[in-house]
Structures are given as structure tokens and as C-alpha cells.
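*Asks:* Note that the protein sequences, when read in sequence, are chains A, B and C.
For the first sequence, my numbering assigns the number 1 to the initial residue and increments by one for each residue that follows.
For the second sequence, my numbering assigns the number 1 to the initial residue and increments by one for each residue that follows.
For the third sequence, my numbering assigns the number 1 to the initial residue and increments by one for each residue that follows.
Any given hint could be a false lead.
To be verified - To give an idea of the chain C side of the interface with chain B (calculated C-beta under 8 angstroms), a few residues:
1. 14
2. 19
3. 40
4. 65
5. 69
6. 70
7. 77
8. 79
9. 83
10. 96
11. 97
12. 110
13. 114
14. 136
Quick caveat, the hints were computed from the structure, so don't treat them as lab data.
Quantities reported herein were computed from a predicted structural model and do not represent experimental measurements.
Note that the Cβ used here is the ideal one computed from N, Cα and C, for glycine as well.
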Amino acid sequence: MKSFREEIWFNIPSRRAFVLLTPKLEECVKKSGIQEGLLLCNAMHITASVFINDNEAGLHEDFERWLERLAPEKPYSQYKHNVGEDNADAHLKRTIMGREVVIAVTGGKLDLGPWEQVFYGEFDGKRRKRVLVKIIGE
Amino acid sequence: MKSFREEIWFNIPSRRAFVLLTPKLEECVKKSGIQEGLLLCNAMHITASVFINDNEAGLHEDFERWLERLAPEKPYSQYKHNVGEDNADAHLKRTIMGREVVIAVTGGKLDLGPWEQVFYGEFDGKRRKRVLVKIIGE
Amino acid sequence: MKSFREEIWFNIPSRRAFVLLTPKLEECVKKSGIQEGLLLCNAMHITASVFINDNEAGLHEDFERWLERLAPEKPYSQYKHNVGEDNADAHLKRTIMGREVVIAVTGGKLDLGPWEQVFYGEFDGKRRKRVLVKIIGE
């Protein structure tokens with residue numbers, strides 16, 4: 001069995017953003033030399049997300065508006081977590097979007113459907129944060 | 001290490017439905033010959049879901065009504081994604097229900113709790129779509 | 001390839017609670033002797049959750065209030081599942097929080113970010129329930 005580990009770092013200038021990760025994960029699979037296995041990609045921070053959906057700007061706006069409806073940022077005072085912090089909503093938003101994805105590796109490539117794209121979801125940016133990529137297989 | 005891969009195809013006649021997957025996954029484990037490992041089952045489409053919950057018709061009606069409340073299908077005009085499409089709600093519903101499940105394989109069988117059943121969740125049907133089953137182990 | 005399996009049991013005296021799991025998972029990794037691999041931790045019950053977030057009491061209160069807003073427990077009559085049962089809301093709450101987490105094992109340890117803590121989320125307690133820990137690797 002082989003294993004591979006890499007961190008991918010971000011420093012998003014806004015509070016919230018979605019960043020396409022698929023090309024970086026494809027590089028990781030290539031570097032790992034693994035032909036058949038599983039790839040885990042997870043946010044290492046609890047106010048960020050890794051998820052799979054469509055690479056379409058209109059949908060990303062829909063996600064932003066929808067998450068604000070389900071878990072609004074303001075008023076900060078509505079959350080008990082916001083004592084010296086203001087990011088309770090980011091913890092809730094990331095819960096909806098998910099911490100991690102697990103992707104099959106087949107024939108040395110990410111085994112994704114035709115429209116599947118992997119994204120980093122930032123919900124409390126303006127600082128350095130990272131995701132973990134771990135691949136095991138042969 | 002052994003690995004196994006199979007696609008399971010669907011063509012759901014309605015826009016939304018839940019389809020029991022557990023027996024098909026049990027067959028996959030048997031065919032794989034893997035005794036100890038991990039099974040990944042994920043939708044390969046971004047308007048569908050694979051999730052684990054109860055095989056109970058009343059609960060499935062509750063899920064349908066609840067998802068419509070959290071991410072309503074209509075009016076289509078409420079979503080920016082719906083330019084030439086009408087399935088933005090399906091992307092949101094699938095986000096709530098999840099893209100994938102990872103299940104332990106133990107003693108050559110799916111290692112599920114007594115009431116755990118795996119389902120395919122369709123949120124934009126009336127066309128051919130599929131899930132991926134990948135198993136790695138020994 | 002090595003594999004390891006363990007069940008962790010709970011008997012939560014209240015309907016809902018969050019219980020820290022990280023130290024128990026660290027023990028599992030140690031016992032397994034696995035240095036590089038993947039750990040799956042999932043609820044074996046469909047009204048419970050395993051998730052990763054902050055170990056902060058205020059945030060846990062926010063989660064409780066937020067889940068009650070998205071999927072209220074009462075009135076029981078609002079759910080079709082509640083025929084002889086009263087836990088439909090628990091199935092929905094667990095869907096938001098997630099069934100499982102997959103965590104990398106690196107150098108014989110859980111490969112978590114600085115604030116990542118693993119929790120068991122109980123949404124229909126007052127009875128014996130369990131989570132599964134499965135680790136594969138080398």
C-alpha cells in the first residue's frame with residue numbers, strides 16, 4: 001500500500017468565497033503514483049468546507065444567498081459563540097456544505113462524473129487556512 | 001491490496017425519488033472478494049445524492065416536504081443558476097442530503113447498524129444518471 | 001494492509017447531546033498500530049451523527065437552537081414518520097450534521113487541524129447506541 005499527503009494553503013481576501021480545487025487534486029494523484037485507491041480532501045479548519053458541485057457562477061451566487069438565509073452572518077448577537085468572535089455563522093454554513101469529500105482514484109486519475117468539480121468553501125477568510133489531501137492505494 | 005469498481009445506473013421517471021441501494025452494494029462487496037476494507041458510494045451527478053437513513057415511507061415523505069421547505073423548486077426565477085436550466089433547487093437539496101457515503105467492509109459484508117439503509121436520492125430525474133461504487137481492502 | 005474495528009457505545013440520559021470523541025479515536029489509532037491510512041467513524045444509528053467542529057459550549061448551544069429552527073422536534077404531528085414514533089426530527093437533524101467522518105492517519109496519529117474535534121451527536125437518546133470505528137492502512 002502507498003500513501004500520499006499534501007496540504008494546500010489559502011489566504012482568501014474576502015470573508016466568503018469558493019475556490020476550484022480539482023486541478024490541484026489531479027496533480028496530487030499524479031505525484032502520488034497511486035493507480036487505484038481513495039483520496040480524502042478535507043478542510044483542516046472548522047469554518048471552511050470542501051465540497052463537490054457545479055463550476056457555474058450563477059449557482060455559486062445561489063449558494064451564497066441560500067446559506068445566508070439558513071445561517072445568517074448578522075446580527076452577530078444572535079449567536080452564543082460570538083463572545084470575542086463573530087464567526088458562528090461560518091461554523092453553521094460549513095456544516096451544511098460539508099467538511100470533506102472522498103473520491104475514488106481509478107487508473108491513476110480522479111474518478112469523477114462529467115460535471116463534478118471540487119471546491120474549497122471559505123466562510124471566515126482574511127487569514128491563512130488549508131486543506132489536507134491524503135491518498136491511499138496502490 | 002485489492003480494488004473494485006462498478007457503476008450503477010438509474011433512469012427515474014419522476015423529478016424526485018429515493019431508491020434503495022443496499023442490496024446492490026452487498027452484491028458489489030461479494031463480487032469484489034474483499035473481506036476487510038472501505039466502500040465508497042457516491043453520486044456521479046451534482047443533482048443527486050447517496051445517503052443512509054431509514055427505509056420508511058412516512059419518513060421519505062417528511063424528507064420530501066422538508067427539502068422543499070429548505071430549498072424550494074419554484075419559482076424557478078428565484079435562482080441565478082436557472083438560465084436555460086430549472087434545477088438550482090436540486091443542487092441545494094443534494095447538498096443537504098450529501099454526495100457520498102463511506103461504509104466499512106468487515107468479514108466480507110457491509111458493516112451497517114441494524115436500521116441503516118443506503119439510498120440513491122434523485123432531485124432532477126427523467127434522464128440516465130449513475131452512482132460509483134469503489135471498494136479497497138484485502 | 002492492516003485493518004482495525006471497534007464499536008464505542010453510549011447511553012445518553014437526555015434526548016439530545018454532543019459528546020467529544022477525539023480521545024477515544026486517538027486510542028483506536030494507537031491500538032491499531034496503523035501509521036498511514038484512513039479512519040472512518042460513523043454513527044450506526046440513523047438518529048445520531050458523527051461530525052467535526054469546535055469544542056466550545058456557546059457554539060454547541062447555537063447548533064441546538066439552529067437545528068431546532070431547521071427541523072423542529074414539535075409538534076410531533078407535523079411529521080408522517082411519527083406513527084408510533086416521535087423522532088422524525090432526529091432523522092432530519094442528523095442529516096444536517098452528517099453520519100460520518102473520514103480522517104487521515106499520518107505518522108500513527110489522527111491528522112486533524114488545530115481546532116478540529118470529533119463529536120458524537122445524539123438526537124434521540126435515552127437508550128444504548130453506538131458508533132463504528134474502522135481503520136485501514138499500514
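*Asks:* Taking the hints in turn, state whether each one holds.
*Replies:* Each hint, compared with the structure:
{"no.": "1", "hint": "14", "verdict": "violated, 21 angstroms"}
{"no.": "2", "hint": "19", "verdict": "violated, 17 angstroms"}
{"no.": "3", "hint": "40", "verdict": "holds, 5 angstroms"}
{"no.": "4", "hint": "65", "verdict": "violated, 17 angstroms"}
{"no.": "5", "hint": "69", "verdict": "violated, 11 angstroms"}
{"no.": "6", "hint": "70", "verdict": "holds, 7 angstroms"}
{"no.": "7", "hint": "77", "verdict": "violated, 12 angstroms"}
{"no.": "8", "hint": "79", "verdict": "holds, 5 angstroms"}
{"no.": "9", "hint": "83", "verdict": "holds, 6 angstroms"}
{"no.": "10", "hint": "96", "verdict": "holds, 7 angstroms"}
{"no.": "11", "hint": "97", "verdict": "violated, 11 angstroms"}
{"no.": "12", "hint": "110", "verdict": "violated, 16 angstroms"}
{"no.": "13", "hint": "114", "verdict": "violated, 24 angstroms"}
{"no.": "14", "hint": "136", "verdict": "holds, 6 angstroms"}
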